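Asker: So the chains spell out like this:
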Amino acid sequence: METTIRKQALFLCGIFGLFLGISFAFPGTQQKSDFSLTAESGLIEGNRLEPGPVARLVLRYACQRRAPEHTLGIRTSFAPELLLASSMLYSWRWNGRLDYTTEINTLPVNFKLHAGALTLASSRYREYTYRIAEARIQTQFALSRQLMLLPGGGVKMQFFSGRGDEGVTSVPLESILFYRFDRKKNIALGAAWEKYFVDGSGESGVRYSPVIRFEYKGRMLFSLGYQYYIYRGTLYQGREHRLRFNLGAMINRQVSLLLNGSLIFLPSSQELRTEQENVSGLGERSNIYLKTVYDLTEQSDLFFKYIYERDRFKNDYKSFSWQVLVGLDYVYGGR
Amino acid sequence: MKKIYFILILAGIALAQTSASVEREWSDLNRGYRQLKEAYDRERAQLDTLLARIDTQKENPNRDEASLKVLMAEGLQKSALVEKTYGELARMEKRMLRLRKILYRYYSARIDSLSGVLLKTEPQNRSAMEKKLALLRSRRLYVSPWIPEISFNLKLIHGISLKNADSTERKIYRAYLEGALRDVDSSLTVIRQKREELTGLVKLEQKSKTFLADIEDVYAFDDVYAGGASPETAGKTEAANTYTGNVDRNGTPEEPLPFIFSLSRLNRILLKVDGRSTVDGNVDSLSTESYLQALGEGQKQLQQLRNDILSRLKGN
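Protein chains in written order, with numbering that gives the first Met the number 0: chain B, 0 to 334; chain R, 0 to 315.
Hints in this document: simulated from the structure, not taken from any laboratory. All values reported here derive from a predicted model rather than from experimental measurement.
Straight-line Cα separation of at most 20 Å, DMTMM-like style, residue types lysine to aspartate or glutamate; simulated pairs:
1. R/Lys-131 with R/Glu-296
2. B/Lys-184 with R/Glu-196
3. B/Lys-183 with R/Glu-288
4. B/Lys-183 with R/Glu-204
5. R/Lys-299 with R/Asp-182
6. R/Lys-193 with R/Asp-182
7. B/Lys-183 with R/Glu-195
8. R/Lys-93 with B/Asp-181
Listed next, with one range per pair, are the computed distances between beta-carbon atoms:
9. R/Ser-160 with B/Gln-298: 44 to 54 Å
10. B/Ala-248 with R/Ala-164: 48 to 58 Å
11. B/Phe-221 with R/Glu-129: 37 to 47 Å
12. B/Leu-176 with R/Thr-188: 32 to 42 Å
13. R/Ser-18 with B/Gly-260: 45 to 55 Å
14. R/Tyr-85 with B/Ile-186: 34 to 44 Å
15. B/Leu-83 with R/Val-201: 36 to 46 Å
16. R/Arg-33 with B/Leu-172: 55 to 65 Å
17. R/Lys-299 with B/Gln-253: 20 to 30 Å
18. R/Val-201 with B/Leu-176: 22 to 32 Å
19. R/Arg-97 with B/Ala-248: 33 to 43 Å
Glycine included, every Cβ here is placed at the ideal spot set by N, Cα and C.
Just need the whole structure built from these sequences, with the hints factored in.
Answerer: Here it is in structure tokens:
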């Protein structure tokens with residue numbers, strides 16, 4: 000156990016050092032960075048693993064360096080979690096992103112390179128370890144001040160066990176046409192295509208979907224995205240609706256309300272197939288995150304959160320959980 | 000094929016002419032609008048007088064029917080003229096609004112590209128480019144949709160000196176300055192309200208982004224990167240999204256706007272075309288941050304004007 004923690008700590012320090020190294024080696028003329036800390040605690044209920052009291056800490060670091068034609072941004076977060084149920088369970092998530100943008104001043108073109116990795120590990124249940132790594136390039140062509148074309152693609156790898164022997168590698172490509180009606184409203188229309196390969200089994204498949212996203216920024220923020228996935232290949236055959244929504248409203252000067260959620264559901268005629276790959280498999284899932292924020296000072300906020308998550312696979316297997324949390328956000332730096 | 004070449008050549012010529020001809024048309028139209036507005040006010044006043052005379056005649060039991068008929072015919076003619084002038088004014092306003100948008104976009108695009116080039120320019124060559132930028136910014140402000148109307152003549156305000164005026168003049172000038180002050184204050188209130196609203200929006204956007212990052216970092220399990228990049232942020236990095244600094248649409252840091260407007264030029268800058276409703280007008284090509292920054296600039300200009308009026312009122 001101690002060795003594992005030491006290894007993890009060394010790994011994180013190494014990654015953090017690497018990020019800092021890249022950041023300072025980049026020939027930027029302007030730099031901004033900030034640290035933030037979130038502490039929250041509450042209760043988890045439901046039929047999922049280990050319901051009971053929970054305590055979490057999230058440490059974040061973000062840094063950005065700019066040169067005339069390039070921008071480098073890094074963002075990393077480390078989130079240890081302690082479940083204080085019948086038996087103590089410690090787990091952690093690490094998320095790191097590196098974004099690099101270059102612009103060609105003479106042309107309305109913009110390239111963005113993104114590399115990200117996420118690890119979710121548990122002290123006891125190694126089979127629940129989940130890792131994802133992604134590299135993506137996105138180009139942006141400004142066709143006019145209101146219309147943009149955003150083609151992009153990359154490689155994504157997902158591992159579903161601590162040993163890394165079960166996983167899916169995929170190549171996502173997408174092309175989006177973005178239209179800004181005015182300062183408050185915009186719409187994105189496009190298509191996404193993703194070829195995926197299941198490691199070890201030689202099975203592969205493809206999924207594709209139209210992409211629709213609408214965004215409104217007025218007295219409140221609102222965005223709604225919809226994708227209709229069609230799966231083809233040896234592993235899955237089926238269809239899936241995906242909805243994402245985001246809402247933000249200010250109740251008064253100090254209080255704001257934030258709501259975010261996603262919904263995956265299947266066409267009514269379709270049968271639920273598997274409980275395994277809930278990453279690209281066919282199952283129903285809904286997540287709702289609600290946060291009420293009270294501004295305490297310029298740097299700190301008090302918040303209350305309500306989280307609801309629900310999964311359904313193979314028609315009979317259902318799992319759900321809800322969490323009620325209270326916590327503090329503190330930002331040091333560029334707020 | 001020849002037709003296509005011809006169309007392309009015509010389009011090229013049309014594009015090349017855009018800025019100069021639109022600027023000329025804009026300035027001519029402004030001049031014409033002011034003259035026509037004055038004529039309209041005059042005609043309107045004449046019509047009012049005529050209508051009052053007709054009413055008086057009608058109420059008179061010993062009225063002269065023949066002269067009443069003449070008056071009414073004259074009134075009808077005048078009324079048609081007023082209607083016609085009003086129609087012409089409305090048409091001009093519509094055209095001006097359109098030109099204003101075209102020019103605003105044109106100046107914004109030039110400013111964006113020049114700002115980018117400026118960063119790479121040698122320090123010794125910067126001065127000329129900065130002057131050019133300043134000129135473009137002043138022109139853009141002239142066509143900016145968020146600058147409210149100031150109905151007082153700023154040239155006259157600058158010429159007023161209470162010290163050297165006799166008692167009657169002082170009385171008139173004081174009333175004029177107080178009226179101008181009220182006007183500026185009311186515009187400042189509109190801008191302040193708008194800024195407050197937008198500051199709230201920026202804060203809310205910031206909180207929303209933090210919340211999304213929070214979900215990705217702590218709770219979400221699958222497709223954590225599937226949110227899709229919005230062009231609103233595509234020029235910036237994820238790390239940059241945690242800031243609300245001065246970033247223009249190309250993602251390059253925007254230089255702080257220099258204070259380039261002398262008060263004598265403010266008269267030309269603060270348009271007399273649209274009413275205060277233009278504060279809510281179409282600023283489609285601006286990001287929330289840029290709009291906020293522009294409002295801040297407008298507020299700064301008005302504040303300076305306010306201070307000037309106050310100092311004149313005190314007799315300095």
